[in-house]
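So you can see what is in the structure, the chains are spelled out below.
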Amino acid sequence: MKARQKRMMFIGLGLAGVGVAAWLAIGALRGNIAYFFSPSQVLAKEAPENAVYRLGGLVVKNSLARQADGLTVHFDVTDNAETVKVSYTGILPDLFGEGQGVVTKGRMGPGGVFVAEEVLAKHDESYMPPEVQDTLKTAHAEGIVKMASQDTNPAGNPALGNASPDQPGRVAAGDKP
Amino acid sequence: MIPELGHFALILALGLALIQASVPLAGSYSGNRNWMNMARPLAWGQFIFAGIAFALLLQAFLTDDFSVVYVASNSNTLMPTLYKVSAVWGAHEGSLLLWATFLAAWGAAVATLSRNLPLQVVARVLAVMGMVGIGFLLFMLLTSNPFDRIFPMPLEGRDLNPLLQDFGLAVHPPLLYMGYVGFSVAFAFAIAALLGGKLDASWARWSRPWTTTAWIFLTLGIALGSWWAYYELGWGGWWFWDPVENASFMPWLAGTALMHSLAVTEKRGAFKSWTVLLAITAFSLSLLGTFLVRSGVLTSVHAFATDPARGAFILLFLCLVIGGSLALYAWRAPAVSGGGRFDLLSRESLLLSNNLLLTLLTAFILLGTLAPLIYEAMGWGKISVGFPWFNTMFVAVTPFLALLMGIGPWTRWKQDDVGRLGRALWVPFVVAGLAFLLTVVFMPLLGDGWFLVPIGIGLAVWLLASHVLVVRDRLRHKTSPGAFFSDLAGNGRSFYGMVLAHLGVAMFIVGATMVSNFGQEKDVRMSPGDAQEVAGYRFVFQGVRNERGPNYIAARGHFQVFEGDRQIAELWPEKRNYFASQKPMTEASIDWGFTRDLYVSLGEPLDGGDWALRLYYKPYVRWIWLGAVLMALGGLLAITDRRYRLARKAATLPAGATAIRS
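Residue numbers (this note's numbering), protein chains in the order written: chain G, 1 to 177; chain W, 1 to 662.
With the rest of the complex left out, here is chain G (with noise of 0.2 Å):
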């Protein structure tokens, strides 16, 4: 009985400490987690004002400039239906490029740039990190049904909608040859 005893105490005291230990742990998660966000949902004011958060997309073609200081680069994001100006501070990784996928983790500074620590840098060429991918996904998808409801809604824009017999000029604009 007495070994018994001690066993079931020996046991008692393991699951408590690997309680006690999983408690702080899940408790520090949550403290050192950084969301992702992309242009547009920034731009919906989704994102914390005050927290690091990650922010992807796309860099936009013939964005990036240095800044004086030689170190200090601005380059937009954009997720093809919101852009947001980037300033990195260092170095950055070797494959980054313009028109390719990115992803960014800092915070907001003033005036709407987001001021990153972190630039990922990407392994292969044609890998594309799965939050950028979805953000574009949806952001495509979100255009695609934007433009459908210009489309599809005459009354709301009717020069765009039916062209009429009186307003030649802009058919001929809309219609190219």
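The reader is advised that the hints may include incorrect statements.
Said to hold, decoys possible - Taking lysine-lysine pairs in the DSBU-like style, the calculated list, with each CA pair at most 35 Å apart, reads:
id : chain 1 : residue 1 : chain 2 : residue 2
1  : G       : K45       : G       : K105
2  : G       : K6        : W       : K522
3  : W       : K198      : G       : K6
4  : W       : K522      : G       : K85
5  : W       : K198      : G       : K105
If you're looking for bench data, these hints aren't it; they were derived computationally from the structure. Quick caveat, the model's predicted, so the values are computed rather than measured.
Got chain G sorted already, so can you dock chain W onto it with the hints?
Here is chain W on its own, set in the frame of chain G:
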């Protein structure tokens, strides 16, 4: 025609694996010796055909056969031969082939080195390995055939990812895979034991050297990967808590726990069902690692472009392996539990604590790695878990592990008393306390790390002192000066292996503590002729010149490093541009040192010959990898122990004698 032969060889290997998984197993139940005897030749056959497939793919690379898609996407005529060889496992399909070949090789090794095992056990172990083989061969043939052709055939290949054109990465995957796959042997032994319902000391003795061997490979593979990341990625870091790194670290932790738990099962017959569970866990975590890497579900610097069918296949395979083995465990484990009793203070207890802590750490890392998937599945948003969290968890658990590691080797099996341990351990304790105080006084550090450095150094000294004394204690009755060597030649190898591996941990602790708290990093803009000071070293930039390599053109920088007035090093960092892939690639230049590394990597060219650069000072960073090498050497020493050689000799005795001995 040759690639088709490779494809055919894979199909034959699969056919043999199917027979290997079924016939010997059926024979082990019906007692049909002929069926059981088929296991060994079948394992060899599977290895030969997998080996042929591998050799043919290698041949396709060496002859630049770009009609094979895999070769065309990962090779190039200009590539040096070494990288043509390593390109075989440079991407998904080939690394799977390497994996399957290694699995078959482990099977063949078990078939060859198992003369002392009862035929029934051999048949079951090899059947389980055959099942695992089926999974991987089927995966390859259904979703990722490395021999697929392309038409029209391209004239030139797309080149191997420049990051992988490096010696470290040529060797890292094979070592890592040997480790991953090696745990399949421990797994197969565990499953065979569950099938037979007989888990005893001899089972643990058979499993031990196999487990340790796999662990050695995994240790070296992880260390090499970390070293590669350090010098090749140009970020100067040695561990990023990236999902793929975690995927290799979790099986390592579980495997380390397994090695220790096997020791108890062999010596005392205790922890049997726990040991089996760990063997299942270690291998399942290896498979989970494959799933994470190959399915692309997590954002990682290692993630490759993937195909959802592959992810789904591995997930299914994972569920079959984990679900099946746990179901078998739940069904059979109650029958095999029990074992020697032990006191609260005993070697068993300490090893149990070791296992608890290692499992806890594994669980934490698993939680952090899978948290993004859990959040997404629950619809809580897309998250990533920060680097600091993993560091905190690691630093919270390892000091306890190190503390107990200093006590463990001193304790006796079954029961021990506090007074005896106190008399043995007060010296190392005082020495470690002194080291702690000296560190506080002489290496003051402000900020978060101020208490971490003394703890790290104190624990490393504690481990060193405790293990030096335990060696002295072992040799105390042996007066001749050659006692150590005769002990090493005799029964002492596994003991000295343990000591060496534990000292490797101490060395790792020193390296990790020093580089994390005293390392310095500077991102700067420099013009030719400029000088910058980092940690008392003056880096003078001499400009950049263009140079041509075999399949790239490089901007090559030149630095002189001065300590005081004396020039101590010249560094030549490069920024390469590979012709075929048009990818830029940073090659850092490092001045190696036992107590510090000086590290320069080129960023981007700015106007007027200026460059954006990174300068690093990395104190004791080598100790991290040297520690891992010591651990691996310790493992090597342990598997050459005389006990296992004797076990092999015992095979010549009749089967009845073996049973009595165990």
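_To test your reading of the hints: which numbers does this structure violate?_
2 and 5
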